[in-house]
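Numbering-wise, the sequence shown is residues 9 to 140 according to my numbering.
Derived from the structure by calculation, the hints contain no laboratory data. Please note that the accuracy of each hint is not assured.
[Unchecked claim] Straight-line alpha carbon distances no greater than 20 Å define the calculated EDC-like cross-link-like pairs of lysine to aspartate or glutamate that follow:
#1 Lys-108 x Glu-85
#2 Lys-51 x Glu-86
#3 Lys-108 x Glu-86
#4 Lys-108 x Glu-126
#5 Lys-60 x Asp-50
#6 Lys-108 x Glu-45
#7 Lys-51 x Glu-140
#8 Lys-51 x Glu-68
[What the hints assert, rightly or not] Estimated spans, in silico, between C-beta atoms of each pair:
#9 Ala-109 x Ile-11: 22 to 28 Å
#10 Gly-124 x Ala-54: 25 to 31 Å
#11 Lys-60 x Ile-11: 48 to 54 Å
#12 Ile-11 x Gly-66: 19 to 25 Å
#13 Gln-107 x Ile-11: 52 to 58 Å
#14 Glu-68 x Ala-121: 32 to 38 Å
#15 Gly-64 x Phe-116: 18 to 24 Å
#16 Thr-43 x Ser-119: 33 to 39 Å
#17 Lys-108 x Asn-37: 46 to 52 Å
#18 Leu-110 x Ser-36: 18 to 24 Å
#19 Tyr-101 x Ile-39: 22 to 28 Å
#20 Val-40 x Lys-108: 28 to 34 Å
#21 Tyr-101 x His-138: 32 to 38 Å
#22 His-138 x Arg-75: 26 to 32 Å
The beta carbon of each residue, even a glycine, is placed where N, CA and C say it ideally should be.
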Amino acid sequence: MKIISTFLSLIFFLVTSLFIEIRQADASNWIVSQTAELQLLDKITARISTKKVQVGSGTEFGTLELRVYHCAYRPPEEPPENAAFIVIYDNGYGDRKLQKALFSGWMFASSPAISGLEHPVYDVTLLSCHNE
Numbered sequence: 009m010k011i012i013s014t015f016l017s018l019i020f021f022l023v024t025s026l027f028i029e030i031r032q033a034d035a036s037n038w039i040v041s042q043t044a045e046l047q048l049l050d051k052i053t054a055r056i057s058t059k060k061v062q063v064g065s066g067t068e069f070g071t072l073e074l075r076v077y078h079c080a081y082r083p084p085e086e087p088p089e090n091a092a093f094i095v096i097y098d099n100g101y102g103d104r105k106l107q108k109a110l111f112s113g114w115m116f117a118s119s120p121a122i123s124g125l126e127h128p129v130y131d132v133t134l135l136s137c138h139n140e
């Protein structure tokens, strides 16, 4: 019984410390940038490429159309993080033109598995946000 109590106390401590860290990351500490750097993987050919996309515009990769609407990063004195709001559409092949939204949300460079594109052919990951 004491082991369970200790274990639950440890879990409570870890979860509480996680929420304190999240709460401290307020919006005033973010630097808005104009460019998002994305890593794109074609799982069929195993080719990896990187593309720089201006905020407010988009790019194409295979059948995907990627649009970046916001990109920001933390200042150097804060814990490192880059975040971008991205919408990804699948345009289909050839005559099968359908613009279907596959992903719409925030991507984080430090944690790509939290919020990433789930697609059988492509992987899209945010690498960084910066001003050029």
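Checked hints:
1. A threshold of 20 Å between alpha carbons decides the hint, and for Lys-108 with Glu-85 the separation of about 40 Å lies outside it, so the pair is violated.
2. Under the criterion of a C-alpha separation no larger than 20 Å, the hint pairing Lys-51 with Glu-86 is inconsistent with the structure, at around 34 Å.
3. The hinted pair formed by Lys-108 and Glu-86 fails the criterion: a straight-line CA distance of about 37 Å is larger than 20 Å.
4. Our distance criterion of 20 Å between C-alpha atoms is met by Lys-108 and Glu-126, whose separation comes to about 14 Å.
5. Proximity of Lys-60 to Asp-50 is assessed by CA-CA distance (about 17 Å); at most 20 Å being required, the pair is judged to hold.
6. Under the criterion of a C-alpha separation no larger than 20 Å, the hint pairing Lys-108 with Glu-45 is inconsistent with the structure, at around 23 Å.
7. Straight-line distance between C-alpha atoms of Lys-51 and Glu-140 comes to about 30 Å, which puts the hinted pair past the 20 Å bound.
8. Between Lys-51 and Glu-68, the direct Cα distance comes to roughly 16 Å. Compliance with the 20 Å bound is thereby established for this hinted pair.
9. The hinted range of 22 to 28 Å is not satisfied by Ala-109 and Ile-11, whose Cβ atoms lie roughly 48 Å apart.
10. In this structure, Gly-124 and Ala-54 break the distance hint of 25 to 31 Å, their C-beta atoms being roughly 18 Å apart.
11. Checked against the hint of 48 to 54 Å, the pair Lys-60 and Ile-11 passes, with Cβ atoms roughly 52 Å apart.
12. Against the hinted window of 19 to 25 Å, the Cβ-Cβ separation of Ile-11 and Gly-66 comes to about 54 Å, which falls outside the hint.
13. Between Gln-107 and Ile-11 the Cβ separation comes to about 55 Å, which falls inside the hinted range of 52 to 58 Å.
14. Distance hint for Glu-68 and Ala-121: a CB-CB separation of about 25 Å, inconsistent with the stated range 32 to 38 Å.
15. The supplied range of 18 to 24 Å is met by Gly-64 and Phe-116, whose beta-carbon atoms lie about 20 Å from each other.
16. Distance hint for Thr-43 and Ser-119: a CB-CB separation of about 21 Å, inconsistent with the stated range 33 to 39 Å.
17. Separated by about 36 Å at the C-beta atoms, Lys-108 and Asn-37 break the suggested range of 46 to 52 Å.
18. Between Leu-110 and Ser-36 the Cβ separation comes to about 32 Å, which falls outside the hinted range of 18 to 24 Å.
19. Distance hint for Tyr-101 and Ile-39: a CB-CB separation of about 39 Å, inconsistent with the stated range 22 to 28 Å.
20. For Val-40 and Lys-108, the hinted distance range of 28 to 34 Å is satisfied, since their beta carbons lie about 29 Å from each other.
21. At about 33 Å, the beta-carbon gap between Tyr-101 and His-138 stays in the expected band of 32 to 38 Å.
22. The given range of 26 to 32 Å is broken by His-138 and Arg-75, whose C-beta atoms sit roughly 18 Å from each other.
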